[in-house]
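Please construct the entire structure, taking both the sequences and the accompanying hints into account.
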Amino acid sequence: MAPYDATSIDRLPAFARRMRLAAEPVWQEGYDQPFLRELGAGTLDRERFAFYLTQDELYLDDYARVHALAMTKTDDPEVMRFMVNVQAAIFNVEKDLHQEYLAGFGILPDTLAHARQSAFARAYTSNMLAIAYGGDLLDILVAVLPCAWVYADYGQRLARDFADTMPDNPYREWIDTYRDDGFWQSSVWLIDHIETMAAQADERKRQDLVELFVRGVQNEYMFWASAYDLQMGWRPGWDA
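Using the working numbering, the first residue of the sequence shown is number 1, and each one after it goes up by one.
Think of the hints as simulated: they come from the structure by calculation, not from any bench. We put the CB at the ideal spot given by N, CA and C, even for glycine. There are no misleading hints in this set.
Derived Cβ-Cβ restraints for the label pairs, each shown as a range:
| id | residue 1 | residue 2 | range |
| --- | --- | --- | --- |
| 1 | Val93 | Ala123 | 24 to 32 Å |
| 2 | Ala225 | Thr74 | 33 to 41 Å |
| 3 | Met80 | Pro167 | 35 to 43 Å |
| 4 | Ala225 | Thr165 | 20 to 28 Å |
| 5 | Gly104 | Arg81 | 28 to 36 Å |
| 6 | Asp180 | Ala103 | 19 to 27 Å |
| 7 | Ala103 | Thr196 | 41 to 49 Å |
In silico SDA-like links for lysine to any residue, alpha-carbon gap of 20 Å or less:
| id | residue 1 | residue 2 |
| --- | --- | --- |
| 8 | Lys95 | Gln117 |
| 9 | Lys95 | His114 |
| 10 | Lys73 | Thr196 |
| 11 | Lys95 | Asp62 |
| 12 | Lys205 | Ala130 |
| 13 | Lys73 | His193 |
| 14 | Lys205 | Arg18 |
| 15 | Lys73 | Ser126 |
| 16 | Lys205 | Arg20 |
| 17 | Lys95 | Ala115 |
| 18 | Lys95 | Ala64 |
| 19 | Lys95 | Asp110 |
Printed below as a string of structure tokens:
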């Protein structure tokens, strides 16, 4: 296993570069979409951010379940420890941040308990859960990587691109959470382990993994796009 500090956002091992290159069009479009640009500028409408936070809160429940299922696919204590640590970060860091923001919007835990996933969020988490139940450990690692990697990359880029206005940005705490190097290290762990495991796979398997990764990045794009449009159903009016 390569040392974790050998991998950075600008210095990736071979298979990670292949996945990243395959996802490049949607990756960049994701960063350029209105939700992220307005978030970075601090001008994002509060209702859109509240919609996103609610959906992300529900998403994290399923994301934690995927990591729990990953533990059933391995006997490696290091992998199991990582999955436990991710779940701890979800409930002790990300969800705490959500609760602070949601309370500011008047969205209390009882209200959140009755919230429903949007069609796009449900498609995303259903896909990950299906992989977690039916795939192997390598499939799961690739399925969860887009969320970790995209957030780390976007968080660092937003902090850099909007540095002049960041002190007054109402979403600064959100950006600071994902720009932090500690968050990026979760991606590094995944990238390094995927690299080692993918090297033992045949080319057909590696291509399937690339397609799985790209689909995850596409789901990340749609998660933010649907939040910006406040869209619960596949089309406006379809959600009864």
